[in-house]
Amino acid sequence: MTMLTKRSKRASVTAFAAVLALTLLVLGIGFIIICLYMGGQRETKNATDAGALSVGKEVLDEPSVMLTPAADSRVFFDCTNDSFDNSKIGDGRVNLNRINRVWAKAMVIAINAEDSNAGSGKGNADSAFQSAESLSNSLADKLTTPSNLHGFFSNLSKANSTRMIGIGSATEVKAGSGWQTSLMDRNAESNIELPGDSSTGYYMPPGFSLPASCATDCTRDPIPNEITGTKFLKGYAPLQIGGHQFWQVPFKWNDKPHLVSSTPFNASQVSALPMTWTKPVPNAYSVEGQAVKPGAVGETANSWVLSNPRHAFKLAAPHSFMKVHVDDLKCKWFFYVPLKVPGFSTQDYDYTPTSLTGATSVPGGVGSVSLTPPAHLIGSDVVGRTLDEIIFGLPKGNTTNLEKYMVSRANQMISKPGVEITASKLHSVLDNPTTIAWLLAGEKDFYVFSKDGATLECQPKALAVGMAPLWLPLIISEDADGNETKLIDDANMPSLANIPMPTSPVPVVFFTPAPPYVPNVSWVLWDKDVYWKNGTGYNGNLGEVRVKRWSEVHSVGVCIPII
Amino acid sequence: MHHNSNKSRSRRGSGLIEAILAATVLVPIALFLLDLTVMIIANSMNDTAAKNAARAAANQPEGGAAHAAAVKALATFQASSIVKSLTISEFDYPAQGVGSVSVVTVMEVKLPVPVPGFSGYTFKAGDVEPIVGSTIAQ
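Protein chains in written order, with the working numbering: chain A, 1 to 563; chain B, 1 to 138.
Quick caveat, the hints were computed from the structure, so don't treat them as lab data.
Only a predicted model underlies this, so the values are computations on that prediction, with no experimental measurement involved.
Some clues are possibly wrong.
Under 10 angstroms between C-beta atoms, here's a sample of chain A residues computed to sit facing chain B [said to hold, decoys possible]: (1) Ala18; (2) Leu25; (3) Asn46; (4) Val366.
Subject to a maximum C-alpha distance of 25 angstroms in a straight line, what follows is the list of computed SDA-like cross-link-like pairs (lysine to any residue) [said to hold, decoys possible]: (5) Lys293/A with Pro61/B; (6) Lys533/A with Ser127/A; (7) Lys332/A with Val518/A; (8) Lys461/A with Ala423/A; (9) Lys330/A with Leu394/A; (10) Lys416/A with Gly133/B; (11) Lys293/A with Ile33/A; (12) Lys45/A with Ala75/B; (13) Lys45/A with Ile40/B; (14) Lys72/B with Lys461/A; (15) Lys256/A with Pro61/B; (16) Lys110/B with Gly28/A; (17) Lys88/A with Asn539/A; (18) Lys293/A with Leu36/B; (19) Lys330/A with Glu544/A; (20) Lys45/A with Val115/B; (21) Lys45/A with Ser89/B; (22) Lys340/A with Pro519/A.
The calculated label-pair distances, taken between Cβ atoms and stated as ranges, are [claimed, not checked]: (23) Ala65/B with Thr455/A: 26 to 34 angstroms; (24) Gln96/B with Ile223/A: 27 to 35 angstroms; (25) Ser134/A with Gln78/B: 55 to 63 angstroms.
Each residue gets a CB set at the ideal place from its N, CA and C atoms; glycine is no exception.
Working from the sequences, and respecting the hints, build out all of it.
Here is the structure:
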């Protein structure tokens with residue numbers, strides 16, 4: 001019995017040691033398994049995060065919607081590149097990166113169609129809106145179809161190791177409810193900058209005011225110095241223009257695509273926070289991945305990403321132009337018999353002063369059989385003048401609305417952020433000294449356009465098409481789609497270059513010419529009409545300025561009875 | 001009495017032998033588990049380091065800045081008697097800043113309980129991240 005007890009005691013020590021060793025092994029192996037599990041979870045999450053960021057980045061480019069050759073679709077071709085530079089031609093694809101440009105151009109057309117002389121431009125603006133909406137809806141459909149995004153996820157998620165799950169494992173798409181979209185940063189800025197600010201009325205056309213609800217400052221805190229004072233179109237807010245609601249996708253200025261937490265993502269989903277945009281284009285995406293190894297599923301993970309293209313454009317119709325036409329110059333003759341009557345002839349003149357004499361008027365005036373006006377040097381109103389002086393120069397007239405139209409259209413040609421076309425900039429473009437030579441050479445048509453989306457040019461047709469050969473020749477013959485209205489009606493002033501001349505009327509019998517100058521005098525007036533034909537930009541033509549200049553020679557021939 | 005003393009010594013001796021035998025099993029197991037734990041933690045640290053370096057690089061607009069950011073991301077690493085070093089062994093940032101950046105980090109680990117012929121291990125971890133710091137050329 002005693003021997004058995006001793007043996008038992010010795011065996012219990014051995015058994016205890018064995019149990020301890022086993023326990024240690026089990027605990028150790030358990031610890032390792034937990035470490036591997038947690039490591040696997042972390043690796044899966046990391047791979048899923050990388051995949052989500054890839055989705056946030058790549059989704060800016062694809063999926064996309066291809067424009068069709070139809071006119072209302074083709075109008076947005078100039079919005080299908082990623083550059084503000086007009087010389088870079090697009091590829092016809094509308095994607096998340098470009099959809100705001102499309103909406104912005106449709107908005108520009110609608111703004112221009114708000115003019116009372118929009119004419120067929122109103123219908124064009126409706127077509128552009130419907131086309132933009134259709135493109136946007138198609139894009140939204142593609143972006144909310146998760147299978148279109150799966151490839152972007154897998155490209156990066158599979159490139160990241162999940163070796164703790166097992167040899168040969170990789171994080172792949174887990175299709176299903178984990179793939180959602182959201183509309184984050186509501187009312188934040190889009191990547192479309194407005195020209196100017198509220199003090200300049202955003203350089204809108206005369207008679208149109210951009211609703212204050214359309215514009216916003218950058219919503220980053222603090223606002224970066226580079227864009228202090230810059231206004232943007234508001235994202236995920238209805239932009240009401242001309243009976244239509246235009247939309248923008250918010251992209252905070254220069255924000256990088258980044259991961260976000262599920263809380264704000266879920267709170268911004270349409271189901272949680274409805275929006276009147278029937279098919280909104282989402283800017284945030286959730287993904288779900290699962291690490292799989294041959295024969296088994298390891299871990300799953302979710303990520304949420306907010307996308308951003310990180311480059312801005314201006315509210316613009318990029319491939320567009322404005323035409324300036326100068327009518328033939330006319331010299332008109334007037335006589336006072338005693339009421340003012342036009343002479344029998346109207347003569348053309350050009351940009352070189354020429355001595356002209358009008359046809360003899362019969363009768364010539366009070367007590368006068370006839371009056372032959374003296375010769376005047378005609379053409380001094382235009383000689384040596386640039387196009388700017390031809391349009392805006394003496395006789396000036398009220399140029400306020402004309403200038404507003406032209407400055408608004410000039411800004412609409414500019415896509416480069418931060419570039420603002422002020423009235424003085426426009427004048428300096430029109431004041432190009434070469435226009436003097438072109439006018440002298442008989443050129444009547446000039447085109448204002450931007451070859452690079454940043455600067456303006458004013459050139460005759462032959463040079464203009466050469467400067468923007470890839471797009472301007474295709475649209476330069478398009479007429480403005482609105483109606484013409486006279487903005488400056490017979491602005492006139494006495495010629496600064498012609499001194500009044502005495503006249504010599506032929507008197508009737510028993511009459512003799514009155515003294516020269518008082519009242520027998522002939523003087524020259526400079527006259528100007530300026531017309532504006534509204535263009536929406538639907539066909540590329542943003543409007544036409546027509547300048548009509550003429551000189552009037554007024555002659556008085558009075559004869560008095562011989563006493 | 002003498003007989004009892006011999007028995008007692010015998011008991012103590014056999015207990016000691018059992019304890020030594022048990023220890024020869026338990027101690028290596030414990031030390032092996034310690035080494036394994038260190039390796040798992042070191043591997044995890046290296047994975048995190050690669051991830052952080054790649055993320056930092058992905059936020060930069062061009063290669064030079066990206067490499068500097070990746071190096072900076074590892075700057076907080078402190079070498080110790082166990083984790084000897086942590087360096088970037090491979091770095092790939094596309095010239096145009098389009099696509100993804102990949103970073104491979106190498107961590108040298110010395111085992112706390114060296115095993116003959118296996119006193120340390122060099123861990124290698126890679127991470128690939130989409131470049132979000134570059135902008136589309138305008």
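We went through each hint and held it up to the structure:
| no. | hint | in the structure |
| --- | --- | --- |
| 1 | Ala18 | holds, 8 angstroms |
| 2 | Leu25 | holds, 6 angstroms |
| 3 | Asn46 | holds, 5 angstroms |
| 4 | Val366 | violated, 72 angstroms |
| 5 | Lys293/A with Pro61/B | violated, 35 angstroms |
| 6 | Lys533/A with Ser127/A | holds, 20 angstroms |
| 7 | Lys332/A with Val518/A | holds, 22 angstroms |
| 8 | Lys461/A with Ala423/A | holds, 23 angstroms |
| 9 | Lys330/A with Leu394/A | holds, 16 angstroms |
| 10 | Lys416/A with Gly133/B | holds, 21 angstroms |
| 11 | Lys293/A with Ile33/A | holds, 16 angstroms |
| 12 | Lys45/A with Ala75/B | holds, 24 angstroms |
| 13 | Lys45/A with Ile40/B | holds, 18 angstroms |
| 14 | Lys72/B with Lys461/A | violated, 57 angstroms |
| 15 | Lys256/A with Pro61/B | holds, 11 angstroms |
| 16 | Lys110/B with Gly28/A | holds, 20 angstroms |
| 17 | Lys88/A with Asn539/A | holds, 19 angstroms |
| 18 | Lys293/A with Leu36/B | holds, 23 angstroms |
| 19 | Lys330/A with Glu544/A | holds, 21 angstroms |
| 20 | Lys45/A with Val115/B | violated, 34 angstroms |
| 21 | Lys45/A with Ser89/B | holds, 24 angstroms |
| 22 | Lys340/A with Pro519/A | holds, 14 angstroms |
| 23 | Ala65/B with Thr455/A: 26 to 34 angstroms | holds, 31 angstroms |
| 24 | Gln96/B with Ile223/A: 27 to 35 angstroms | holds, 30 angstroms |
| 25 | Ser134/A with Gln78/B: 55 to 63 angstroms | holds, 59 angstroms |
Of the hints listed earlier, those the structure fails to meet are numbers 4, 5, 14 and 20, in rising order.
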